[in-house]
Structure formats: structure tokens, C-alpha cells
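4 protein chains.
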Amino acid sequence: MINFKNDYSDIAHPNILKKLVTHQSESYTGYGLDRETIKVVSHMKSMFTKDIDIHFLTGGTITNKTVISHILKPYEAVISAETGHIFVHETGAIEHTGHKIISVATKDGKLTPEMIQSVYQSHVDEHMVKPKLVYISNSTETGLIYSKQELMLLYDTSKSLDLWLYLDGARLGVALNAKTNDLTLDEISKYTDLFYIGGTKNGALFGEALIIKNNTLKPFFRYSIKQNGGLLAKGFLTALQFDALFEDNLFNAIAISANESSRYLIEGLHSLGLELHSTPTNQQFVTLPNEWIKALENKYLFEVWTMGDMKSTIRLVTTYQTTKADIDSLIRDISLLMNKEGLA
Amino acid sequence: MINFKNDYSDIAHPNILKKLVTHQSESYTGYGLDRETIKVVSHMKSMFTKDIDIHFLTGGTITNKTVISHILKPYEAVISAETGHIFVHETGAIEHTGHKIISVATKDGKLTPEMIQSVYQSHVDEHMVKPKLVYISNSTETGLIYSKQELMLLYDTSKSLDLWLYLDGARLGVALNAKTNDLTLDEISKYTDLFYIGGTKNGALFGEALIIKNNTLKPFFRYSIKQNGGLLAKGFLTALQFDALFEDNLFNAIAISANESSRYLIEGLHSLGLELHSTPTNQQFVTLPNEWIKALENKYLFEVWTMGDMKSTIRLVTTYQTTKADIDSLIRDISLLMNKEGLA
Amino acid sequence: MINFKNDYSDIAHPNILKKLVTHQSESYTGYGLDRETIKVVSHMKSMFTKDIDIHFLTGGTITNKTVISHILKPYEAVISAETGHIFVHETGAIEHTGHKIISVATKDGKLTPEMIQSVYQSHVDEHMVKPKLVYISNSTETGLIYSKQELMLLYDTSKSLDLWLYLDGARLGVALNAKTNDLTLDEISKYTDLFYIGGTKNGALFGEALIIKNNTLKPFFRYSIKQNGGLLAKGFLTALQFDALFEDNLFNAIAISANESSRYLIEGLHSLGLELHSTPTNQQFVTLPNEWIKALENKYLFEVWTMGDMKSTIRLVTTYQTTKADIDSLIRDISLLMNKEGLA
Amino acid sequence: MINFKNDYSDIAHPNILKKLVTHQSESYTGYGLDRETIKVVSHMKSMFTKDIDIHFLTGGTITNKTVISHILKPYEAVISAETGHIFVHETGAIEHTGHKIISVATKDGKLTPEMIQSVYQSHVDEHMVKPKLVYISNSTETGLIYSKQELMLLYDTSKSLDLWLYLDGARLGVALNAKTNDLTLDEISKYTDLFYIGGTKNGALFGEALIIKNNTLKPFFRYSIKQNGGLLAKGFLTALQFDALFEDNLFNAIAISANESSRYLIEGLHSLGLELHSTPTNQQFVTLPNEWIKALENKYLFEVWTMGDMKSTIRLVTTYQTTKADIDSLIRDISLLMNKEGLA
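Chains as they are written, first to last, in the numbering used here: chain D, 2 to 345; chain Z, 2 to 345; chain S, 2 to 345; chain L, 2 to 345.
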């Protein structure tokens, strides 16, 4: 089976495993207080203009849950697009910590200053929750990215309304390495209060690096990590992985490779004249007749995103492991299906 | 520095890393729905007489938190020794899910049927929480183990009072492989409602295997894992590790090695005539003058367990990596300190 | 100022206060275990065909919060109209107990079987919450009522999908006494799993009577009341009030009076040819030019429901205390405003 | 039956009911935003030197729960005597909001600076909760009171350790009116961060007045009240009651009467030479043979506090309703039992 299903189906990029193997005989202090964590944190801090704190966590949901539990007072709420990962796909993890998510209908999964202002203005008194945190994802759940101008405006709006701005960077690698991107990692720390750099979907075994810029939010964060069950005994494992990711530009290289494959895939799909919702990152959405989809499922792994009676939209994800041959095979097979022939 | 600090300071047992490296080029379904998980779960199920469910989680605290959140109604409480890990060392993770822990003073960290009955009888009406879950650890937080007879009686008491019995097996390996142990893994599933087999402290990178026997507690457990932030995207990583651990008896071999070193350490400490609280597993507690401790800290890693004005008790943990030379060195250095000489 | 603002601006119906004064010299057991509570509960039980449990609570929000906390497992969620009181006006009280509310856009604030089925079908796996409780209000937040046929279908749908059906009866009095109503109190217990009879908005000082029919939901409910802070020390106070309400048909008489005033108000507003969203209960919604509203605010209390640039919709609530003279005065003043004259 | 069971078995002091009856025909704004609340709050504020906020709540548990939920961050914990009401008798209401209570064994139910320091010093890192709030009761759960010196020292200790000090005043009336008391109401606001004045156990139908002095804790408290289900629709009811309580010295008069009866009771019990744990407030504890207790239960209401095989300790509570005749009757009956005769 050829994988277009997701970007977390590999064990890890070889350099990651190599890093672990290399240090196999060493001994470390537990819970992220080891020399390796100190070294990597120091290196990563040097990548930012602002004075930031860094914490390593094991996955996206526990990062989102811990951040929101740490930041908000009980009666404070999160503003999120109704397609936001925390709103739909985390089994109520945020509500489990006691907080309401105020969802906003969007055109494309991206929040705008107007949406935030509208939510803010409609929450007027103590009979309603108090909006306090704006949650966005970059790239979004459907592969789009925020421009520098868009992020700056969101940040300005948040500050003017005394809201925190948090960016979920589960797929920050492909966002920052998109052709149309004009944001740098450092700028993201400038125009958010905190955000995380996703490792899991960018070649790591697991691991996300949370960057806290806002000084108000920094104190005692390790208490929240431990309380939420996210303080890994062998914290040095995450540090070693981020050491590998930020060595020799690996983090970007992995993302660039995924994005390049994605562009090659778009070209192929375009050449067939298909109904395509293309994005600048590693997720593409194409609408096909249901019978073609059924046929393709025998040879390719992918997710059916929205199901229709006749046609459905499927999501195709590329990764650093995707090959030209994988994509050529898929394009050829769709082409054959267009000509009412079987798969190659 | 020679490590007697804990059993989670190594990256992982070489066989674990080898397993990952071997499968490096493969591709898996996410979230623990992959073929490797199915295979390992099937193999592990064959180790039990009872029909059990198995779930893999990343660490002890998140396992405890998820189990208790899943099992209890809001007004139900946990009974734990006051030395229990959940009561002392999890930053209120259990209370964070809304549940009170009723702590019990014990002689040695082990619960008895009488203690459980006493708590049960003193909670009489709706002005108090309703005790519903008994939490024990094997080995305990200070290295002791439950005998088969003790566990059976706890289970009988729990059943007669309509309580669940949950065993925290963060260090189950060394418990089951202690010289004085008379319990089998299968028997633990018989005399508890659910328990977990610890991987983190027994050679894995991370990972605990939760075994649910009681049918009432099985449904929808994956919802609780996801909600608590513990559903690893690359769930196959934990499965691969438990595959390695239950291959060629590795799980037991790692524990046996740690226990053997511990016995060798006891002998050495005994030979010096030291005040020793010895255990059948891999944690030993010895009381030394504070100035000796200060001297030893220059060469050895260990935890000061209880601090006194003149003397303190330190904890010495052995692992599969501890060597005879490590122990010989420590014994010799203490011997030198006894003779008012410096370290070797 | 003439009150059209709400139905909880009076101290209490005179019979309620008289009841308390009459029993002033008596002494009662605390926490709702007194003889008066036993008597009233027994009397109220006789009003139902089904075997039900009754609990008295102090207000609507704490009743909703306690019910939902008691009923749901952590990963289970509530389905509610997006206008539902719990979704909008309880400051995240439900989320504070850890549960997500899945909101549904409706035409008129009423849920339909199709809406429930749609939510159910879109929540497919453990990455999403599990819908388990359907929340409706009767009368709704905007004064509408459910017919017997509608409630039966909602109940059938809920049972077929293994969902609980809970009815918020903060304004059940005016609903059951609406001209167009065809439901009885007893039938509500048949076609829901649990519901409450509102006292606060129907003449009591405070107090709601929760009726639990479903046997699964009955055990240990008093634990949940206490844990949520709703177990009144002097529980007999609520019992005495419900004794008064269900004596001499007072509960219905209060609601009938409010509804009659509301119909008289509708006639008056209709006679003026105004843009009216009329309901069969005690809340009416009329759209007026903003300058008229400003003028009326000098003499009348009411809420501006939705604000527009030129016109806004105001809510007019009638109660057993509303007089014909109050309504005549309002109608005359609006009439004067239509003729560009000042208030009378 | 003669009542020595508790101080919340009456409907209310006649003046309280009279106040409600007098205002029966009036109309008020809801949710505590009415003119009566404004008036009473203003009057009560004038009783304090410090600038304080006042909020009215319906009962002790919901006040404690709301305060703690409002004040603490998720990983912060409460320090309480192990006899503290929140630790024992609130069905885990505090833990339900996510917070651990660290209990301390005490001689007499009172906390000391040493106890607080000891808890503080033993909570050293992020693996343990962070102590942040000290909870005391005055009078305590067993009727004792704090002296000015004791309270000042607790406050100094709290401030030096950056902890909040919260005083549960469910029975503050009898405490401040005890013969041996040297604290004033105003001083309590000086030497705590917040506290509440109990109405329920001092003649009201229900109601507690929370006094927040610390400016950090004031903002948005009404959000927490609403979220916890404690915002009474008819908030003016509580205001009217506190208006009555702080008119003509009624609050103190009720407490003085209860305390005087209690002293008369102590004299009577002393005269019989009984084993007595006497207190300066309205709760007395006397140890009697179990058979006498059984006999007394036919004529008197009281609670058995601790049960022994031969003797048990009962609690006798006096209130403003207790008469000399009630006490004389009890003393005579015990005297008859001492002489092996039946009750009078």
C-alpha cells in the first residue's frame, strides 16, 4: 500500500533514530532536567529574538490541553474556528479541563480579527463565559497558512482586547516552508503569546516544543505539565530528537521535501483536470467519483474527508518519505480510472 | 558519575532500539490501530487466562489519571496509602480529574483489608465522598511486594465492598522477579480489576501496558485515553517496544538483572554493618551520616529519601545497567568513609 | 417602573410566604431529610404514573449542572439547541464539570429528531466526544412549547440511539398551562428520562423540583447534589414552598395568570399592527424603532433581546403580578409613540 | 423532641421573615443587581476599615467551592486541618473543582504557623501540588475560636509564604460573641484575605456574605458565582435577610443568645461531674455511657460525635431558640440516668 494517509505513519526520520542509538550508553537525569535538554533548549533559544521558555511535550492534544489548563481561569474560554483541532478532534479534552470553546464558522478554517471582535462583543456579562484565548493552527487543519500580515493583525486584535494568542504548530514545519509563506519562526514568537513547534508530524518519534513568550504565562508551567500527565520520565528523549531536528537544517528539510512532493502531486492532479482544493503545504483535497475512490483504496492509503452520494473529497498527505514514483503511480491510476480502465 | 538514582536514566535497552531501527522503513496506521499493535496485543492476551483488554500509554501518571477518570463517578473516591504515588508525586493529577484520594497511614506502604474496611465504614453518607477504587502499587514506592495471599485478601475485600482494585505496576517487573515473590502475571489479572505493566522503568524508552480484566470497565476506554491526551499518534512505537520486551524473556531478564544487583548491593552494605532498610526489589534504603552522603554525592547519583540533622536515609536504585564494579566502588568508598578516609 | 423584565422580580407569591410564616415555630431535620420534605415528595409522587425520585434544588443552573455532572461519563457530551440556556447563559457551568455541549442551529430553539440523528451520526469515533444527553427546555428560552407528538418523537429517537432525554422546566408552569399545550405533567415523566419543575420563575422564593424517572440515573443523586454545592441546610424551606405550590392548584393558577396577561398583551400589540413574534406562554417579542424603545425605558422594565441599527426586538415577560392596567398603559404609550407623541 | 442537634433546624428568626413579608409587594432587579443589595452592601462596607467586596451566596459548601475555584490555579492546593469542613463533609466538592486539599493533623482542629510552614517546606517541586490557600474555620468544626494573636500569626505566616488565608465563618456569629473572643469583625478582614459571615446557622433562611479584601482576588468573582451555580435569580432575598441581620444588632443578639444557653448548659453538665469537652461557643461535647445516650434519644435530638464500645461522645448545639427549660430538662434527665432512674 502506498501511503497518502498522514504524516505520522513512519517510525521516525533516520537521523532521529541514529541520534538515540549514538547516545545509547549514556545516563541522564529524569524529567527533562538533563544536560541534553539544557543544551537543546539553549540552542533553540538562540533562534529567537525574544526571551522565551521552552517545554517539550509528547503530542499535540496533551500540549493543547496543558496550555489551556495552565493559562485560563475557570470562567475563561477559548475562541477557535469550528474546524479547529481542539473543537472537533480531541474528544472534549479542553472541556475536560473545565473550559468552553467558543466556535466560529469560517470560510477556510482561518480566524480573522472581525471574528474575534464579534465573539468578544457578544460576551457581555457574567452570565456568559469570558473569552480570553484565541486558538489558531498554522498550517490549519486543511493545510492553509497565515501570512505575516494576517498574524500581525490577529495579534494586534488579541492585545487590544486583552486576549492571549496561541498557535498550534502541529504542522508548523510545512507552514514555514511553504512557497507562499512570508513568516519566520522568530516572527511567530513575536506575533503570538505562545505556540508549539510540532515534531510528531515532521519526522520525530513523538514530541512537540512549546515556546512561551509572554512572561505572565511562564511561571510554574512544569507543574501543569506534570499535573496533566505529560512530564515524560525520560524527557531527554524529546530533547535528543529536537537536537537532531535542529541540526543540519533537518526540521526544514523534512518539511521542504513534503511540500515539494505536494506540489508535484498538485501538478499531476491539475494535468488531469480534476476538481482540486490545493494548499501550499502537504495536504491536498481532491474530489473524485465514489467508485474511483473505492478502486484506489485497494492500492493507496488516504482519508475520505467529506462523503457525498456520488462524489467524495479525499485528503492526500505527502511526507518526506513520499516518492515521485508514489505520485506518478497515483496519477496514472486515476488517469486509467478516467478512461474506465482498471488500476495499473 | 555512577548512577544509583533511578531506573529511568537510560535511553532504552539495546533490543528496544534495535527493534525500532529494524522497522525503520515501514509504514503504520496511526493511534494504535496498526498491525503491530494488533499482533502484540494478541500475543500478550495469550499470557492471560482471563479475557482482558490491553491499552498502551506513555507513562505512569497519565495511566493513573486516565484509569481513574474513566472508572469513577464524580463523587467516588480512591483509597491509597499515604505514600502512594498518586497521593504524593503526581501534582494533584487525580484531583485535577475531580476525585478525592482518601489516604491511609500504613506501616510500610502496603494496604491491608482492615485499612480498606475502616475507610469504607467511616464514609457513611452523602456528605462524604463514596470510596470506590483501591489503589496499590507492586512493587510499592519503597520497593516492597505483595504476596499472593495478601493480594487475594485485598481483592476479596474489594469485591465484598463493591470496590474496584487497581494495581500500579510501574515497577511490576522487579516485583514479579523478586526472590520472595509468589505471584504470577496471570494471577495479578485474577486478583485485580485492572493493572498496568510498566515499561518505562524496565528498559523501554517509554510505555505502560494497561490490562483491564473487569468487563464493566472496558467499554470506551480509548475515548478516555484520547480525552486525557494520552493517545499517541505513533502508537505502534509502544507496541514495538512491548514486542521487544516480551520476546526472548527480555522483560523478566531486565528485572532479574536489576534485582540481582540489588541483592549484591545489600550484601555489601550488610558487610559494613550499616543501618539498612532492605527490600526484595531494586530499591534499597540505607541510613548514613550526612557528611558521608555529601562526600558520596561527588561520585554517585542517588536520592536523599528522608533528611535528618545528623544522619539521612538515601535510596539506591539498581537497574539492568548496574555493574558489580559500580557496587564494589560504592561499598569501598563507604568503607573508606567509615575509616575517616576520602573516597577512592 | 412597570415590570415586563422577567418572572423572578417578586419576593414570592403570598401563599408561599404565608406557608413559611405559619410554620415559623417548628423545628426540622436538616438537608432535606425532614418530615415536610417526606410529605411533599409523597404527594408529588402521587401525581405520576411512573415510579420517580424527587430532589429539590435551589435554582436552574445548579440543577442543570448537577444533573449533567451526575449522568455523564467524562467523554460524554450534551446535545443542545444553540439557544439553549446551558449553552449560552450559564457561564460555562456545564463545561466546568468537564463536558462538551454540542450545539445545534435551530429554526426556533426547538430540537428535532433529525437534528439529534445528525449529531449522533457525525460523532463516529474516539477522537470526538460521545453524544449521550439531549437537553431541551419547555417552554423554550423564547417561549415556545413542545407538543406531545414532538416530545414523544424526541424520546423515541433518544431511546433508539441510547441517549438520555432531559427537559429543563424552568418555565414548565407556563408551558403546561399554555392554550395550545396538549402535554400533561405525568406525560412529561413518560417521555423524558428526567426533568425539573421550575419554582423560581413561577412564584417561589427559589427552588426547582427535579423528577428522575430513569432507574439508572437515580442512585446516589444526593451525593451529586452535595458535591455541587446544592444541598441546602434548611431543605425543608424548598419542600414547604412546593407544598404551597401544589396546594389548591397554586402552581397552575400562577402560570395561567401569566399566560392570560400575555395573551391580552398580544392582542394589544396586534391591534397596533406591530411586528410581533408571539408565543403561547409568558414571553413575547416585539420589534420597535430604537427611539421608541429608549422612550419606553423611562417607564417600563424589559430586556432588549436583539439590537439593530434602526429597530430592535424587545422581550416582554408577564407574570401573575402583571395587571391589565400595566398592559393598557404600555399599549397606550406605544400608540402615542406611533403618533409621534410623548408617553402618557 | 427537644432540639440540641444543630443550628439550622428553624425556618428563620422572626425578624427575617418579617422583613420579607414587609417587602412582599415590591419588584426587584434579578441576580443581586437590585437596589436592596446595593443598600445592604453599602451598609456592610461601612463596617470595615479596608475596602472590601461583598457577595451573597446561598450556603457554606457552595461558598467554599466557589472561592477555591476562583482563587486557585489548577496545580495549587489548599491547606486544611484534617477536621476541616471542606476536607471531610463536602463530598469532595473542592476536589471536584480540581484541587487537592492537603490535610494536617491538629490537636484541636486549629491550624498553627508551624503546621503551615511544615506543609510549605515539604512541597518542594513540580511533582507535588503547590500549597497556596490556607483554610481555617472560626468557630472551628468543634466550637473553638481563634484569638487575635493566633489569627495575626497565621496571616503573617501566610503572607511571608505567599499564601492566601481564607476563613470559613459558617459560625462566625458565635465566635465573635464568645466571652473569650478578642477579635472584631473588622479585624478579621485585616488578618485574612477573604472570609464569609454565615447567615444560615445564625437565624437566616439561608445565605452567607463573602467578604473579599485582597484586591487580587476581587475581579470577575460574579463569573465564578454563576459558573458554580450559586447566582440566585432572586438575589435580593439574601440582601433583605442580611439587612435584617445587621439591623438593631440582630446578628450579634442571635449569637449571644446561643452562647448564653451554651454556658448555662456547661454549668449544668459540670454540676453533674461529667466528662466534658467544653467550648466558648454553641457546641458542647460530653461523653456518656451508651445506654444513657440511647435513653436520651427518645426525648432529645443531638448527634453522636464519636462512638465507643461503652461510652460515646455526643454533641449538644444551642441556638437562639434554646430555652432554659430545654437545658434544665436535659440536665435533670441525665441526673436521673446517673441514679439509674428513667427520664423525667
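There's no promise every hint is true.
It does not matter which identical chain is meant; a pair holds if it fits inside one copy or across any two.
Derived lysine-lysine pairs resembling DSSO-like cross-links, with alpha carbons at most 30 angstroms apart [what the hints assert, rightly or not]: (1) Lys341 / Lys46; (2) Lys219 / Lys300; (3) Lys111 / Lys191; (4) Lys325 / Lys300.
Hint data in this document are derived by calculation from the structure and do not stem from the laboratory.
Requested in this report: Output the numbers, in ascending order, of every earlier hint that fails for this structure.
Outcome: Hint check: 1 and 2 fail, others pass.
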